[in-house]
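Peer 1: Given chain A, put chain B in place with the hints provided.
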Amino acid sequence: EDQVTQSPEALRLQEGESSSLNCSYTVSGLRGLFWYRQDPGKGPEFLFTLYSAGEEKEKERLKATLTKKESFLHITAPKPEDSATYLCAGKGGSEKLVFGKGTKLTVNP
Amino acid sequence: DTEVTQTPKHLVMGMTNKKSLKCEQHMGHRAMYWYKQKAKKPPELMFVYSYEKLSINESVPSRFSPECPNSSLLNLHLHALQPEDSALYLCASSRSLIGLAASEQYFGPGTRLTVT
Chain A
318 EDQVTQSPEA LRLQEGESSS LNCSYTVSGL RGLFWYRQDP GKGPEFLFTL
368 YSAGEEKEKE RLKATLTKKE SFLHITAPKP EDSATYLCAG KGGSEKLVFG
418 KGTKLTVNP
Chain B
2 DTEVTQTPKH LVMGMTNKKS LKCEQHMGHR AMYWYKQKAK KPPELMFVYS
52 YEKLSINESV PSRFSPECPN SSLLNLHLHA LQPEDSALYL CASSRSLIGL
102 AASEQYFGPG TRLTVT
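Here the protein sequences line up with chains A and B, keeping their order.
Going by our numbering, the first sequence wraps up at 426, each residue one higher than the last.
Going by our numbering, the second sequence wraps up at 117, each residue one higher than the last.
Chain A on its own, in the form it takes in the complex:
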């Protein structure tokens, strides 16, 4: 069975303190690994798609990377507005996105 596991469940950072979120996956025939950001009470906002090991994508303070077993979301010098829940999801041979449980990030000023 396809599975996506995110760690840590929650992360508190000081403004400017860089860190990484982890997404471990076992998805048969991976066709895409996705990162989303979700603010409370709102729909997930698409951030990145990664397709193959070694791929990297960047957007402002965020950088996503992919290996054959894991993906990382690196946050450089975060700001309070980066506080949100970050969701990782994989898509393999089925038509379903398999979501992790998310990492709740809090950035204190």
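A couple of the hints might just be wrong.
[Stated by the list, open to error] Straight-line C-alpha distance at most 25 Å; calculated PhoX-like pairs for lysine-lysine:
id	chain 1	residue 1	chain 2	residue 2
1	B	LYS23	B	LYS54
2	A	LYS418	B	LYS37
3	A	LYS421	B	LYS20
4	B	LYS37	A	LYS413
5	A	LYS380	A	LYS421
6	A	LYS359	B	LYS39
7	A	LYS359	A	LYS418
8	A	LYS359	B	LYS37
9	A	LYS396	A	LYS421
10	A	LYS421	B	LYS41
11	A	LYS359	B	LYS10
12	B	LYS42	A	LYS413
13	B	LYS42	A	LYS386
14	B	LYS19	A	LYS421
15	A	LYS359	B	LYS42
16	A	LYS421	B	LYS39
17	B	LYS42	B	LYS54
18	B	LYS20	B	LYS39
19	B	LYS54	B	LYS37
20	A	LYS396	B	LYS41
21	A	LYS421	B	LYS54
22	A	LYS385	A	LYS413
23	B	LYS20	B	LYS10
24	A	LYS380	A	LYS418
25	A	LYS413	B	LYS19
26	A	LYS413	B	LYS23
27	A	LYS359	B	LYS20
28	A	LYS385	A	LYS374
29	B	LYS41	A	LYS418
30	A	LYS421	A	LYS376
31	B	LYS19	B	LYS54
32	B	LYS10	B	LYS37
33	B	LYS23	A	LYS359
34	A	LYS418	B	LYS42
35	A	LYS386	A	LYS376
36	A	LYS413	B	LYS39
37	A	LYS413	B	LYS41
38	A	LYS396	A	LYS376
39	A	LYS418	B	LYS54
40	A	LYS421	B	LYS23
Keep in mind the hints are simulated off the structure, nothing from the lab.
Peer 2: What follows is chain B alone, placed relative to chain A:
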């Protein structure tokens, strides 16, 4: 433009009511989805439409009835819901289900449903 719109934003309904949730996208996407999300949990897939045909029904109770009138619109008809059905209902769309590389899904803002 990567916008998916949903109406209403909030809905309170009794267990005997009939209501509908609406979703619209104008990105030319041919796959559309309904998800249910409970607090502190990831979205849970309910239905998938591909080229206006129902492709996946994740064993959802019949009190939820999806409809895809055309390639831009997706409805979710609600009838005789239970209090445990209270949740955030999310609509999403993607380019298609076809292809070696999966395309990203874009989510709407959701409808907060409360069943009393």
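Peer 1: Now, for every hint given, state plainly whether the structure supports it.
Peer 2: Status of each hint after checking the structure:
For the given pair, LYS23/B sits about 17 Å from LYS54/B by alpha-carbon distance, which is consistent with the 25 Å threshold. In summary, the hint linking LYS418/A to LYS37/B is supported, as the alpha carbons are separated by about 14 Å, within the 25 Å threshold. Note on LYS421/A and LYS20/B: the hinted pairing is violated, with a Cα-Cα distance of about 33 Å set against a maximum of 25 Å. Distance check on the hinted pair: LYS37/B and LYS413/A sit about 14 Å apart at the alpha-carbon level, within 25 Å; holds.
Distance hint between LYS380/A and LYS421/A is fulfilled; the C-alpha atoms sit about 17 Å from each other, no more than 25 Å. With a C-alpha separation of about 12 Å, the suggested pair LYS359/A and LYS39/B falls inside the 25 Å cut-off, and the hint holds. For the given pair, LYS359/A sits about 16 Å from LYS418/A by alpha-carbon distance, which is consistent with the 25 Å threshold. About 12 Å separates the Cα atoms of LYS359/A and LYS37/B, which keeps this hinted pair within 25 Å; it holds.
A C-alpha spacing of about 14 Å is found between LYS396/A and LYS421/A, which places the hinted pair at or below 25 Å, so the restraint holds. Simply put, LYS421/A and LYS41/B have alpha-carbon atoms about 9 Å apart, close enough for the 25 Å limit, and the pair holds. A C-alpha spacing of about 10 Å is found between LYS359/A and LYS10/B, which places the hinted pair at or below 25 Å, so the restraint holds. With a C-alpha separation of about 17 Å, the suggested pairing of LYS42/B with LYS413/A holds against the 25 Å cut-off.
Between LYS42/B and LYS386/A the CA atoms are separated by roughly 23 Å; this keeps the pair inside 25 Å, and the hint holds. Of the supplied pair hints, the one linking LYS19/B and LYS421/A is violated, its CA atoms being roughly 35 Å apart against a limit of 25 Å. With a C-alpha separation of about 13 Å, the suggested pair LYS359/A and LYS42/B falls inside the 25 Å cut-off, and the hint holds. Simply put, LYS421/A and LYS39/B have alpha-carbon atoms about 15 Å apart, close enough for the 25 Å limit, and the pair holds.
A threshold of 25 Å between alpha carbons decides the hint, and for LYS42/B with LYS54/B the separation of about 28 Å lies outside it, so the pair is violated. Restraint check for LYS20/B and LYS39/B: the C-alpha separation of about 20 Å stays at or below 25 Å, so the hint holds. The hinted pair formed by LYS54/B and LYS37/B meets the criterion: a straight-line CA distance of about 20 Å does not exceed 25 Å. Between the alpha carbons of LYS396/A and LYS41/B the distance comes to roughly 23 Å, so the proposed pair stays at or under 25 Å and holds.
Note on LYS421/A and LYS54/B: the hinted pairing is violated, with a Cα-Cα distance of about 36 Å set against a maximum of 25 Å. For the suggested pair LYS385/A and LYS413/A, the alpha carbons sit about 20 Å apart, so the restraint of at most 25 Å is met. A C-alpha spacing of about 13 Å is found between LYS20/B and LYS10/B, which places the hinted pair at or below 25 Å, so the restraint holds. For the given pair, LYS380/A sits about 20 Å from LYS418/A by alpha-carbon distance, which is consistent with the 25 Å threshold.
Of the pairs offered as hints, the one joining LYS413/A and LYS19/B is violated, with about 29 Å between alpha carbons and a cut-off of 25 Å exceeded. A C-alpha spacing of about 22 Å is found between LYS413/A and LYS23/B, which places the hinted pair at or below 25 Å, so the restraint holds. Pair hint LYS359/A plus LYS20/B holds up; C-alpha atoms about 21 Å apart against a cutoff of 25 Å. For a cut-off of 25 Å, the pair hint linking LYS385/A to LYS374/A stands: about 16 Å separates their Cα positions.
A distance of roughly 8 Å separates the Cα atoms of LYS41/B and LYS418/A; the hinted pair therefore holds under the 25 Å criterion. Taking the CA atoms of LYS421/A and LYS376/A, the gap is near 19 Å; set against the 25 Å cutoff, the hint holds. For a cut-off of 25 Å, the pair hint linking LYS19/B to LYS54/B stands: about 23 Å separates their Cα positions. Between LYS10/B and LYS37/B, the direct Cα distance comes to roughly 14 Å. Compliance with the 25 Å bound is thereby established for this hinted pair.
With a CA separation close to 16 Å, the supplied pair LYS23/B and LYS359/A stays within the 25 Å bound. Restraint check for LYS418/A and LYS42/B: the C-alpha separation of about 6 Å stays at or below 25 Å, so the hint holds. The straight-line distance between the Cα atoms of LYS386/A and LYS376/A is roughly 22 Å, inside the 25 Å bound, and the hint therefore holds. With a C-alpha separation of about 18 Å, the suggested pair LYS413/A and LYS39/B falls inside the 25 Å cut-off, and the hint holds.
Distance hint between LYS413/A and LYS41/B is fulfilled; the C-alpha atoms sit about 20 Å from each other, no more than 25 Å. With a C-alpha separation of about 14 Å, the suggested pairing of LYS396/A with LYS376/A holds against the 25 Å cut-off. The suggested pairing of LYS418/A with LYS54/B is violated, with an alpha-carbon distance near 30 Å, which exceeds 25 Å. The hinted pair formed by LYS421/A and LYS23/B fails the criterion: a straight-line CA distance of about 29 Å is larger than 25 Å.
Going through the hint list in order, the structure does not satisfy hints 3, 14, 17, 21, 25, 39 and 40.
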